[in-house]
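A.B. asks: One-letter residues, chain by chain:
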Amino acid sequence: MEQHATISAEGLTKIYEDGVCALDHVSFAVKPGEIFCLLGGNGAGKTTAINIFLGFIPPSQGVAKIHNVDIHRDPLEAKKYVSYLSDVVMLYPNFTARQNLDFFARLGGKHALTRDDYYTALRRVGLQEKAFEQKLKGFSKGMRQKVGLAIAIIKESPAIILDEPTSGLDPKAANEFQTTLLGLRAQGKAILMSTHDIFRAKEIADTVGIMNEGKMLAIKSRKELEHEDLEQLYLNYIHGKVAA
Amino acid sequence: MWRIFLEKELKDSLQSARFVVTSLVSIALIALSFYLGIAHYQARLSQYEQSQQMMLETASQQTNWMAASVFAFRKPDPMEVFVNGINSDIGRYSEINQMRGIKLVRSEFGDDPMLAVFQFLDLSFVVQIVLSLMAILFTYNAINGEKEGGTLKLIFANQISKAEFILGKLLGNWVALLVPFIISFLIGAMLIIAMGVEMSAAHWGRFAIFAFSAVLYFTCFMLIGVFVSALTKRSSLSFLILLVCWIVSVLIIPKAATMLAGQAMPVPSADEIESRIASFSTQARTEFFASMNKLFAERFRPVEGQSQEQRDQFVRENQERWQQEEKEIRETMDKKIAEYSARQYEDLYNQKNSQELLALSLSKFSPASAFQLVAMKLGGTDTGLKRRYEDAMKDYRKQYTNFLSDKGGGHGGIRLSVSNGRGTVSAAEPKKINIAEMPKFSDPVYGAGEAINASLFDVGLLALFNILAFVGAFVAFLHYDLR
Numbered sequence: 007m008e009q010h011a012t013i014s015a016e017g018l019t020k021i022y023e024d025g026v027c028a029l030d031h032v033s034f035a036v037k038p039g040e041i042f043c044l045l046g047g048n049g050a051g052k053t054t055a056i057n058i059f060l061g062f063i064p065p066s067q068g069v070a071k072i073h074n075v076d077i078h079r080d081p082l083e084a085k086k087y088v089s090y091l092s093d094v095v096m097l098y099p100n101f102t103a104r105q106n107l108d109f110f111a112r113l114g115g116k117h118a119l120t121r122d123d124y125y126t127a128l129r130r131v132g133l134q135e136k137a138f139e140q141k142l143k144g145f146s147k148g149m150r151q152k153v154g155l156a157i158a159i160i161k162e163s164p165a166i167i168l169d170e171p172t173s174g175l176d177p178k179a180a181n182e183f184q185t186t187l188l189g190l191r192a193q194g195k196a197i198l199m200s201t202h203d204i205f206r207a208k209e210i211a212d213t214v215g216i217m218n219e220g221k222m223l224a225i226k227s228r229k230e231l232e233h234e235d236l237e238q239l240y241l242n243y244i245h246g247k248v249a250a
Numbered sequence: 106m107w108r109i110f111l112e113k114e115l116k117d118s119l120q121s122a123r124f125v126v127t128s129l130v131s132i133a134l135i136a137l138s139f140y141l142g143i144a145h146y147q148a149r150l151s152q153y154e155q156s157q158q159m160m161l162e163t164a165s166q167q168t169n170w171m172a173a174s175v176f177a178f179r180k181p182d183p184m185e186v187f188v189n190g191i192n193s194d195i196g197r198y199s200e201i202n203q204m205r206g207i208k209l210v211r212s213e214f215g216d217d218p219m220l221a222v223f224q225f226l227d228l229s230f231v232v233q234i235v236l237s238l239m240a241i242l243f244t245y246n247a248i249n250g251e252k253e254g255g256t257l258k259l260i261f262a263n264q265i266s267k268a269e270f271i272l273g274k275l276l277g278n279w280v281a282l283l284v285p286f287i288i289s290f291l292i293g294a295m296l297i298i299a300m301g302v303e304m305s306a307a308h309w310g311r312f313a314i315f316a317f318s319a320v321l322y323f324t325c326f327m328l329i330g331v332f333v334s335a336l337t338k339r340s341s342l343s344f345l346i347l348l349v350c351w352i353v354s355v356l357i358i359p360k361a362a363t364m365l366a367g368q369a370m371p372v373p374s375a376d377e378i379e380s381r382i383a384s385f386s387t388q389a390r391t392e393f394f395a396s397m398n399k400l401f402a403e404r405f406r407p408v409e410g411q412s413q414e415q416r417d418q419f420v421r422e423n424q425e426r427w428q429q430e431e432k433e434i435r436e437t438m439d440k441k442i443a444e445y446s447a448r449q450y451e452d453l454y455n456q457k458n459s460q461e462l463l464a465l466s467l468s469k470f471s472p473a474s475a476f477q478l479v480a481m482k483l484g485g486t487d488t489g490l491k492r493r494y495e496d497a498m499k500d501y502r503k504q505y506t507n508f509l510s511d512k513g514g515g516h517g518g519i520r521l522s523v524s525n526g527r528g529t530v531s532a533a534e535p536k537k538i539n540i541a542e543m544p545k546f547s548d549p550v551y552g553a554g555e556a557i558n559a560s561l562f563d564v565g566l567l568a569l570f571n572i573l574a575f576v577g578a579f580v581a582f583l584h585y586d587l588r
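Taken in order, these protein sequences are the chains called A and B. Each number in the working numbering corresponds to the 1-based position in the first sequence with 6 added. Each number in the working numbering corresponds to the 1-based position in the second sequence with 105 added.
Any given hint could be a false lead.
What the hints assert, rightly or not - The calculated lysine to any residue pairs, modelled on SDA-like cross-linking and capped at a C-alpha distance of 25 Å, are:
#, chain 1, residue 1, chain 2, residue 2
1, A, K86, B, K503
2, B, K267, A, D76
3, A, K136, A, R121
4, B, K503, B, I442
5, A, K143, B, L129
6, A, K147, B, R123
7, A, K178, A, I225
8, A, K141, A, G115
9, A, K141, B, K503
Claimed, not checked - Computed spacing ranges between beta-carbons, pair by pair:
#, chain 1, residue 1, chain 2, residue 2, range
10, A, I21, B, V130, 48 to 56 Å
11, A, N242, B, V126, 57 to 65 Å
12, B, L129, A, E139, 21 to 29 Å
13, A, I21, B, H584, 18 to 26 Å
Honestly, the hints are just simulated from the structure, not real lab data. Quick reminder that beta carbons are idealized off the backbone N, C-alpha and C, glycines included.
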């Protein structure tokens, strides 16, 4: 039986007031237990798509749905089902990792969590125990990213949206991040991740959407990519050597 | 949901070094201003009591009421502890006598020019400067700081409305600012009690309204901080804009308002008025002497060519009438000068009042000025303080003059000694004046009702500034780009 998509875009278009077309009829779907990587360079339209899914900007055309709820029509209802992690995760430097988690968990509707619940989430993302009650002001980017991922996890939403989550991370931190993400996929989460890291995308993605100048040039499954050089394929699409 | 933000803002502030340092500085400065205010008030009270005692002792040695120097002293009020206002600008006392008018002399600034240069560190000054700066420091990055830190997107990835967020944010910041404020004011209140300042219930009531106005004042700057933060993308830019706003509001507008009012409504100086009066008097006297010369010539015209004896007879017959006539002419001249002088001073008074009103109206565009006016009116150290005392002293002067008249021009008795060649015969020892009979000067009454009524408009203005800044912050955030 065909599974319903948790995250879906249908003909998503965004034209800004200055006339710039940031998204041009983009369609894709992310099913439960699937990692969908939006691959593209700067200005490809990845972040615009994510901003539409989070209700920060309205689409000019098309529909973005989370858990079958149109984000533009009912943003508060749609946001019940999504967690988000951005590339800039400064969080609150005066709060400890646990306090940051507590604040965002309560915003996400989790009011009855215990200290142990927070610790479990922080352990799951691989944060060192001694850092749980330390203020974030001394944390490295990798450590902050882990806390950010714990925030995304603790909401227990069916959809997770990640905007360039591994940018700026060292290889070890990126690897740990990837392991946690695979665990979430195993849990049945639908994960939409934007990245310009081709190798990470190939390694982790079930589906890769190649974007350039607001257009979705190709959507390739893991199976289709098994015998292809993703980097070459990406460059071919970008340079128009392959018809979209 | 706004409660979560309120809690978060409060927790975030309490755990930040910025909060701890600024709070400690504010608490220390406010407590210090209370201490200095109390010490200043007590020193003034002691000086007042000593001066009054000395005056009475000196007067009690006199045998002639006319020889007794009587002064009316301004009694320090406990509200001076919080707001010094124009208290140090105006004189501490005025001599009361029949010959001279009321003039308050020996101001603190006159005695100690350094105090005039550096001003007095009173509570209203500290609130005006420190709390407004603290409010800006707390809120300059309230919105754009969340964006810079990436937390704004994380927050709004949840089921949060912008209204809930901004309400929680404002409340949280407000409560965080309220904490050091309440602590410092409690310390101040304890100092007042511990140092034995006699505050009546009315004084405490005025102090409570002062505290409420201070809350309105820093809330206004806090709201302006959030408003500017919601209009800008970068916290460095919002800080710069807010610093300019603060300088304009606290330092520029109050001074510019006075200068503009001075330009728009020039008022002659007291020297200029005196010079005009002197010139008028000289002219009036010249005219008087000219008319007298003419009169003398006319008077003796009927006896021209007559003998000296006839002329003397003529003078003797008319002397009384002429004296009366001259007296009337002189009195007319004196009255004319007095009327001109009174008119000049009244014009000056009215012009000064109009200029003052214009300056105050212009300065009210600044929350800092509005707060300062509220504080001075509540403290009774506003621009009306001098007028209230001068009026009360004028009343006392009348009372004292009547008292002297009742005492027969003030002669308490003189001692006569006559030598008759066989010794000296002296009259009875003259009696010393009884100072208990002397009317006492009553300080003008400036009650809580009057103080509250006087400050009500400016309190309302502060509230209006708050409403405008709140609406501005709210609307600006509703249109804020969360990306």
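A.B. asks: All hints, please: hold or fail.
C.D. replies: Each hint tested on the structure:
no. : hint                         : result
1   : A:K86 to B:K503              : violated, 82 Å
2   : B:K267 to A:D76              : holds, 19 Å
3   : A:K136 to A:R121             : holds, 14 Å
4   : B:K503 to B:I442             : holds, 22 Å
5   : A:K143 to B:L129             : holds, 22 Å
6   : A:K147 to B:R123             : holds, 23 Å
7   : A:K178 to A:I225             : violated, 29 Å
8   : A:K141 to A:G115             : holds, 24 Å
9   : A:K141 to B:K503             : violated, 74 Å
10  : A:I21 to B:V130: 48 to 56 Å  : holds, 51 Å
11  : A:N242 to B:V126: 57 to 65 Å : holds, 58 Å
12  : B:L129 to A:E139: 21 to 29 Å : holds, 25 Å
13  : A:I21 to B:H584: 18 to 26 Å  : holds, 20 Å
In the structure shown, a violation is registered for the earlier hints numbered 1, 7, 9, in ascending order.
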